[in-house]
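Trainee: Given next are the chains, with one letter for each unit.
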Amino acid sequence: MKQYAILQKSHFADFISALAVEQSVMAPVAKGYDNYAFEPVTRASQIALKHIPTILPPKKYFMPPSETILEYSRREGEAVHPVVEYEKMILFGVHTCDLMGVQCLNMALSEHPEDINYLSRKNKIAIIGLECEDYCDEYASCHLMANDLPNGGYDAFFTDLGDYFIIHLNTQMGDDVLGRTKLIEPSTESHWDELMKFREKKRSVFKNEVPVTHQKIKEVFDNAWKSPVWSDIAKRCLACSNCTNVCPTCYCFDVVDEPDLDLITGRRRRKWDSCQSASFARVAGGESFREDRGAKQRHRYYRKFKYPVERFFRYFCTGCGRCSRTCMAKINLKETLTSLVKELN
Amino acid sequence: MKKTALLESEFKTKVGKILRTRQMTPLEKLFEIALPGGESLDHLPGQFVMVSLLGVGEAPISVSSSPTKRRSFELVVRKAGRVTTALHRLEAGDEVGIRGPFGNGFPIRYLEGNDLLIVAGGLGIVPIRSIINYTIDNRRDFGKVTILLGCRTPKDLLFSDETDKWNHRLDVMFECTVDRGDAEWDGNVGLITSLIPGITLEPDRTFAIVCGPPIMYKFVIAKLLEKGIPERQIIVSLERHMKCGIGKCGHCQIHNYYCCQDGPVFTYDKIKNLEEAI
Numbered sequence: 001m002k003q004y005a006i007l008q009k010s011h012f013a014d015f016i017s018a019l020a021v022e023q024s025v026m027a028p029v030a031k032g033y034d035n036y037a038f039e040p041v042t043r044a045s046q047i048a049l050k051h052i053p054t055i056l057p058p059k060k061y062f063m064p065p066s067e068t069i070l071e072y073s074r075r076e077g078e079a080v081h082p083v084v085e086y087e088k089m090i091l092f093g094v095h096t097c098d099l100m101g102v103q104c105l106n107m108a109l110s111e112h113p114e115d116i117n118y119l120s121r122k123n124k125i126a127i128i129g130l131e132c133e134d135y136c137d138e139y140a141s142c143h144l145m146a147n148d149l150p151n152g153g154y155d156a157f158f159t160d161l162g163d164y165f166i167i168h169l170n171t172q173m174g175d176d177v178l179g180r181t182k183l184i185e186p187s188t189e190s191h192w193d194e195l196m197k198f199r200e201k202k203r204s205v206f207k208n209e210v211p212v213t214h215q216k217i218k219e220v221f222d223n224a225w226k227s228p229v230w231s232d233i234a235k236r237c238l239a240c241s242n243c244t245n246v247c248p249t250c251y252c253f254d255v256v257d258e259p260d261l262d263l264i265t266g267r268r269r270r271k272w273d274s275c276q277s278a279s280f281a282r283v284a285g286g287e288s289f290r291e292d293r294g295a296k297q298r299h300r301y302y303r304k305f306k307y308p309v310e311r312f313f314r315y316f317c318t319g320c321g322r323c324s325r326t327c328m329a330k331i332n333l334k335e336t337l338t339s340l341v342k343e344l345n
Numbered sequence: 346m347k348k349t350a351l352l353e354s355e356f357k358t359k360v361g362k363i364l365r366t367r368q369m370t371p372l373e374k375l376f377e378i379a380l381p382g383g384e385s386l387d388h389l390p391g392q393f394v395m396v397s398l399l400g401v402g403e404a405p406i407s408v409s410s411s412p413t414k415r416r417s418f419e420l421v422v423r424k425a426g427r428v429t430t431a432l433h434r435l436e437a438g439d440e441v442g443i444r445g446p447f448g449n450g451f452p453i454r455y456l457e458g459n460d461l462l463i464v465a466g467g468l469g470i471v472p473i474r475s476i477i478n479y480t481i482d483n484r485r486d487f488g489k490v491t492i493l494l495g496c497r498t499p500k501d502l503l504f505s506d507e508t509d510k511w512n513h514r515l516d517v518m519f520e521c522t523v524d525r526g527d528a529e530w531d532g533n534v535g536l537i538t539s540l541i542p543g544i545t546l547e548p549d550r551t552f553a554i555v556c557g558p559p560i561m562y563k564f565v566i567a568k569l570l571e572k573g574i575p576e577r578q579i580i581v582s583l584e585r586h587m588k589c590g591i592g593k594c595g596h597c598q599i600h601n602y603y604c605c606q607d608g609p610v611f612t613y614d615k616i617k618n619l620e621e622a623i
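Line by line, the protein sequences are chains E and L. Going by our numbering, the first sequence opens with residue 1, and the numbers climb by one from there. Going by our numbering, the second sequence opens with residue 346, and the numbers climb by one from there.
Errors might be hidden in some of the hints.
No farther apart than 30 Å at their CA atoms in a straight line, the calculated lysine-lysine pairs in the DSBU-like style are these [stated by the list, open to error]:
hint: 1; chain 1: E; residue 1: K334; chain 2: E; residue 2: K201
hint: 2; chain 1: E; residue 1: K60; chain 2: E; residue 2: K218
hint: 3; chain 1: L; residue 1: K568; chain 2: E; residue 2: K226
hint: 4; chain 1: E; residue 1: K88; chain 2: L; residue 2: K568
hint: 5; chain 1: E; residue 1: K60; chain 2: L; residue 2: K347
Not the full set, but computed from the structure, chain E residues with beta-carbon under 7 Å of chain L [claimed, not checked]:
hint: 6; residue: A20
hint: 7; residue: L70
hint: 8; residue: H81
hint: 9; residue: E310
In short, the hints are calculated from the structure, not lab data. All figures in this text were calculated on a predicted structure; none of them were measured in a lab. For glycine and all other residues, C-beta sits at the position ideal for the given N, C-alpha and C.
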């Protein structure tokens, strides 16, 4: 039980305040109309413990929408100074889907050659997970993605068991950060039993949301290239890029220069980019290998369900449902998968 | 937000000094560039570099010279976008940022001891020139070398001084065609595919290297297959617009491959079933 601790709910407010004294704490905050966002908090009352996936995933802290990668001054010729912008912080309340999102990014950006900007930041962010008891809403497909139960990716993990949270201390960093609050207590066998009961109940709540098994999804995509599903999506997709912007595992970027007004100094920045944008796959001469929107959406789905399996032996979909929730054309990932599964059968 | 300075980063550029420029056509300009201290770029034929102008941006450009030329390298830049237009304003003595080389390059070790059939269309001659010159500089390592070159009009022909030399060499078979001739052109007129049926080759020991505009590949490859060259011996260099060169930004992805890391050189058997590749 050494790796487990408990925090009485009555101590939760003091716990968050104690964390916030030490460093920035980011947690889900209600923004109205059932929207939530990770934002800096200093008090527990600001935190929405019950929340559906935030508008943007915690990816925004690991790989910000826009970040400086080089600074330059042309007084010194074409010389540049690489930089990393980072903030030491604690992320509190990260659901299992978003933990998996960070794990996917870790894999892709650790692959040789390593992304130093991402990796430098990764080690400075302490992650405290928070377990879901039930589905966030009808868009989630976390069981299908084998993601409804915690699977690492955190420094500490909270499960709400009524009067108290049981906490899995997964790393020394987690142990240190939480230990310094002096509010967590050792757990006992009975706390562990309660956790097991909670998980057992969860197993009956979370069921495959799409009529296919986790393993078989890849087979679906082995045969889906010429599916009419993509032309159906092409008729609806507005190419707004919302789906990729909110995806916890999308990491494509563009690189742009931002000169200062003196035109001598400036910085080179990378910004999130989207495979849904018109210019993304365009080559010299103006030709694009993925011109129509169906091909662009197909590429997005293949980047979640086929290509990463070949490269990293895992799907890059977390089942968070953000892409469906945010789609202006109501393109729904669960419906797309269901249509593709039907075609296979 | 804290900032920390890094000594090394994949995004860090080296300072390249332009030694010489040559306007080749109204749209194409050649740059000969040296790295600080005469450092060798240490590239393989077929690799590319990211060329940067601070305040403007970066663009992927194929290295056109052979690595046998050690103390400098050559790039041919077509004026097409923001970065390349700005590059065209530069002259000898100016500096540019260089990252790389990136990509896999042509598999020289596997090519040695075999016959080569090199097929270049239009601007495809730019990366292909690196392997042609490498082959010529290491001529005894290769069997029969055949070069087929095609372009739209005689005015679009790049490196005509060098192609003249290839034409006069006894140890290289060279043929050139244009889609549309002019009053002075007395060579072949027709698409590059029209040159392939007329050449004699031993398919088992011939590696074909193909680079050109996207439209060219399917037709040229069909002709090469007709000639009996095995799929794994047809080597293509593909073009994509890379933004990072390190297999992360996603722009150059072709199915599960990143063109900047796994390519831009692929054997045909690897990509033949990948739609969106050619």
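Trainee: Please go over all the hints and tell whether each is borne out by the structure.
Mentor: Quick rundown of the hints versus the structure:
1. E:K334 x E:K201: holds, 24 Å
2. E:K60 x E:K218: Between K60 of chain E and K218 of chain E the Cα gap is close to 28 Å, so the pair holds against 30 Å.
3. L:K568 x E:K226: holds, 27 Å
4. E:K88 x L:K568: Not satisfied, since the Cα-Cα distance of roughly 60 Å exceeds 30 Å.
5. E:K60 x L:K347: holds, 16 Å
6. A20: Interface hint status for A20 of chain E: violated (18 Å vs cutoff 7 Å).
7. L70: L70 of chain E check passes; min Cβ-Cβ to chain L is 6 Å, inside 7 Å.
8. H81: OK, holds: H81 of chain E within 7 Å of chain L, min 6 Å.
9. E310: Where the cut-off is 7 Å and the nearest Cβ of chain L is about 5 Å from E310 of chain E, the hint holds.
Hint compliance for this structure: hints 4, 6 are not met, and every other hint is.
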